[in-house]
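Keeping their order, the protein sequence lines are chains A and B. If you want this note's numbering, it's the position in the first sequence, counting the first as 1, plus 15. If you want this note's numbering, it's the position in the second sequence, counting the first as 1, plus 15.
Certain hints may be false.
Claimed, not checked - Here are the simulated distance ranges between beta carbons:
| # | chain 1 | residue 1 | chain 2 | residue 2 | range |
| --- | --- | --- | --- | --- | --- |
| 1 | A | T27 | B | H73 | 26 to 32 Å |
| 2 | B | D53 | A | Q20 | 42 to 48 Å |
| 3 | A | A58 | B | L26 | 50 to 56 Å |
Derived from the structure by calculation, the hints contain no laboratory data. Yeah, the Cβ is synthetic: ideal placement off N, Cα and C, and Gly gets one too.
Number of protein chains: 2
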Amino acid sequence: MADTQLPEPALTEIRLTAVLHALADPIRLRIAAELAQDQGELACQAFDLPVTKSTSTHHFKVLREAGVIRQCRRGTHRMSHLRTADLETLFPGLLAGILGAHLAEDGRKD
Amino acid sequence: MADTQLPEPALTEIRLTAVLHALADPIRLRIAAELAQDQGELACQAFDLPVTKSTSTHHFKVLREAGVIRQCRRGTHRMSHLRTADLETLFPGLLAGILGAHLAEDGRKD
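Chain A on its own, in the form it takes in the complex (with noise of 0.2 Å):
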């Protein structure tokens, strides 16, 4: 079975600030920068998140209609990977950077 594209932004459609929103929330952040560190493309059911299912799939919800990240069903999975290449041609250095300083911040809390 095909792949089904959930609906998202196309790049012209990306606003800075709706993919600020999106990002400026933990759970939402610790997704995008998992699926950074994995560089592929993730099931929602890869990330152990401290929340419901109801609320994780929302959380990705905001990150796709940002424009963060792609999603898409493969049989019961919904997979979900970053725009990064997207990203980077709308705002070059910005994903990296608000990454880089949740490293950084995390490194702290240690």
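Got chain A; can you put chain B on it based on the hints?
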């Protein structure tokens, strides 16, 4: 009369998600961009914002409480400036990256 500094988070209290949330709004992003361009301090009245005075005051407060700007009262004025050095210490390159992305987006609108 001496300046009175308004309450703000200490350096170690500044959180990345709060900074992103503060900048995830077109008006607040514009305030930060204007302060960055000016490289100094500006009175709230110096901004020609398309919102009421109380909404504007709220936006400045969100930026201050997130640690993005510092504000002080000077006579009847409330002066603001970016906490550029503090943010650079915590999250190197982040503020410049976000403001650069804002300029890039603004440029595409023209």
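Verification of the hints:
no.: 1; hint: A:T27 <-> B:H73: 26 to 32 Å; in the structure: 31 Å, holds
no.: 2; hint: B:D53 <-> A:Q20: 42 to 48 Å; in the structure: 44 Å, holds
no.: 3; hint: A:A58 <-> B:L26: 50 to 56 Å; in the structure: 39 Å, violated
Checked against the numbered hints above, the structure violates only hint 3.
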